[in-house]
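Q: These are the residues of each chain, in order.
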Amino acid sequence: MLISSVVRGHHSHANYLEGEWLHLEGTVSEIHWMNPHSWVYLNVVDSEGQSRAWSIEGASVTQLRRDGWAEDSIQAGDTLKLRCHPLKDGSRGCLLGYITMDDGSEKEFD
Amino acid sequence: MRLTTILKLLSLLVGLMLAGAAHAQGWTKFYSEQDQFIVNFPGAPEVREADYITESGATVPSRVYSVEGEDSRYAITVIDYTGIEQAHVALCRRLEVELDRVSPNQCIGRGHFRDLDGAIAYEAWNIRRRNVGEITYDAFGRVDGVAGHQIQFLHPDESRTFIGLYLLDRRLYVLEGTVPGDAPPPGLFQQSLGMLDELGRRIRFESDAEGVYSRVQSRYEYVGEEDPITGEPSLGVPAGDDRRIRAPGERTGTWVPEEQ
Numbered sequence: 224m225l226i227s228s229v230v231r232g233h234h235s236h237a238n239y240l241e242g243e244w245l246h247l248e249g250t251v252s253e254i255h256w257m258n259p260h261s262w263v264y265l266n267v268v269d270s271e272g273q274s275r276a277w278s279i280e281g282a283s284v285t286q287l288r289r290d291g292w293a294e295d296s297i298q299a300g301d302t303l304k305l306r307c308h309p310l311k312d313g314s315r316g317c318l319l320g321y322i323t324m325d326d327g328s329e330k331e332f333d
Numbered sequence: 021m022r023l024t025t026i027l028k029l030l031s032l033l034v035g036l037m038l039a040g041a042a043h044a045q046g047w048t049k050f051y052s053e054q055d056q057f058i059v060n061f062p063g064a065p066e067v068r069e070a071d072y073i074t075e076s077g078a079t080v081p082s083r084v085y086s087v088e089g090e091d092s093r094y095a096i097t098v099i100d101y102t103g104i105e106q107a108h109v110a111l112c113r114r115l116e117v118e119l120d121r122v123s124p125n126q127c128i129g130r131g132h133f134r135d136l137d138g139a140i141a142y143e144a145w146n147i148r149r150r151n152v153g154e155i156t157y158d159a160f161g162r163v164d165g166v167a168g169h170q171i172q173f174l175h176p177d178e179s180r181t182f183i184g185l186y187l188l189d190r191r192l193y194v195l196e197g198t199v200p201g202d203a204p205p206p207g208l209f210q211q212s213l214g215m216l217d218e219l220g221r222r223i224r225f226e227s228d229a230e231g232v233y234s235r236v237q238s239r240y241e242y243v244g245e246e247d248p249i250t251g252e253p254s255l256g257v258p259a260g261d262d263r264r265i266r267a268p269g270e271r272t273g274t275w276v277p278e279e280q
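Which chain is which? The protein sequence lines are A and B, in order.
Take the first sequence: its position 23, counting from 1, is numbered 246 in this note's numbering, and each next residue is one higher.
Take the second sequence: its position 216, counting from 1, is numbered 236 in this note's numbering, and each next residue is one higher.
You may find that some hints are simply not true.
[To be verified] Here are the in silico distance ranges between beta carbons for each label pair:
1) A:GLY242 - B:ILE155: 41 to 49 Å
2) A:HIS236 - B:ASN146: 23 to 31 Å
3) B:GLU75 - A:GLY300: 46 to 54 Å
4) A:GLU248 - B:ALA110: 55 to 63 Å
5) A:GLY300 - B:LEU136: 47 to 55 Å
6) B:GLY201 - A:GLY300: 44 to 52 Å
7) B:SER234 - A:THR323: 50 to 58 Å
8) B:SER86 - A:SER274: 26 to 34 Å
[Stated by the list, open to error] SDA-like, lysine to any residue: derived pairs with alpha carbons at most 20 Å apart:
9) A:LYS311 - B:LEU119
10) A:LYS330 - A:GLU294
11) A:LYS311 - B:GLY153
Read the hints as simulated data drawn from the structure, not as lab findings.
Ideal Cβ positions, reconstructed from N, Cα and C, are used throughout, including at glycine.
Using the sequences and the hints given, assemble the complete structure.
A: Structure below.
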């Protein structure tokens with residue numbers, strides 16, 4: 224039986240709007256470097272000036288390491304710019320996506 | 021979910037907190053050998069047993085693993101359908117005593133398969149009819165190629181509940197994470213489920229071009245042997261990239277109960 228060689232995620236991303244990109248900038252409050260997914264909790268100031276806590280889903284630790292990320296690449300207190308797919312239900316969750324590096328380039332975090 | 025009122029607090033955790041497992045700011049991997057799953061919890065869960073009444077009225081066991089905070093709750097309920105056939109026999113014997121005539125629709129044939137086939141749909145219905153808030157998402161989902169369903173609630177107090185239901189090997193796993201309105205949504209918990217085989221190996225299916233799913237080796241199946249930082253197998257044995265399912269005795273980082 225043929226097995227696809229495409230690397231697939233741990234779970235379907237059905238509850239995310241994968242056809243839309245959301246640009247977020249904020250301060251990292253927590254980074255959860257773990258399997259099967261890493262998570263970045265980001266405080267983002269909304270249009271009303273209120274800081275809102277977002278949960279940003281990334282790839283597995285294994286995949287991130289393969290992509291050149293390390294556990295200390297992102298730390299609490301860091302300012303982060305990223306591009307992600309928002310949750311369909313309108314809550315403050317988002318699927319990475321790309322993180323904007325210091326030189327302005329984007330690096331995959333999924 | 022319909023639970024009977026008889027709840028028993030287990031004297032011992034049937035699960036095992038993984039020593040040295042991946043740990044990040046309070047989140048820890050929890051592994052249950054009895055119920056064959058692994059999940060991320062923000063602490064050691066309390067475990068309760070409860071009877072569960074299936075859609076056809078049979079009684080099967082369930083276990084609820086939960087961690088509760090001041091304003092948050094994370095729980096995985098495992099509804100154990102492994103004895104569903106015997107549960108149906110017991111149901112019919114009871115009905116024979118209680119009724120003057122048992123319905124042939126209920127007690128002839130393999131009625132227990134109806135409960136199994138409908139396990140996700142029935143429990144999803146139970147969840148919806150709690151009527152505890154606005155359902156903001158209600159659709160199909162998969163974890164490791166295992167088909168399931170996701171439901172998300174927005175409650176009147178702005179708190180949110182994210183739920184995932186997945187059925188594998190006659191066990192229905194129901195994950196529920198609830199957080200207050202000012203907290204990040206509980207996807208970290210909802211999306212962390214792994215289902216294991218009897219040897220503790222992560223079960224993962226992938227589809228071919230025809231949509232036929234078959235089991236493949238997971239890249240993160242190393243239950244109990246992960247490096248606490250990297251998540252890589254700590255035995256120093258490469259995982260192998262041939263995606264072949266290893267034999268039980270092969271040393272590929274696979275967790276083997278007798279060796280723990």
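Q: Hints numbered earlier in the text: which of these fail when held up against the supplied structure?
A: 1, 6, 7 and 9
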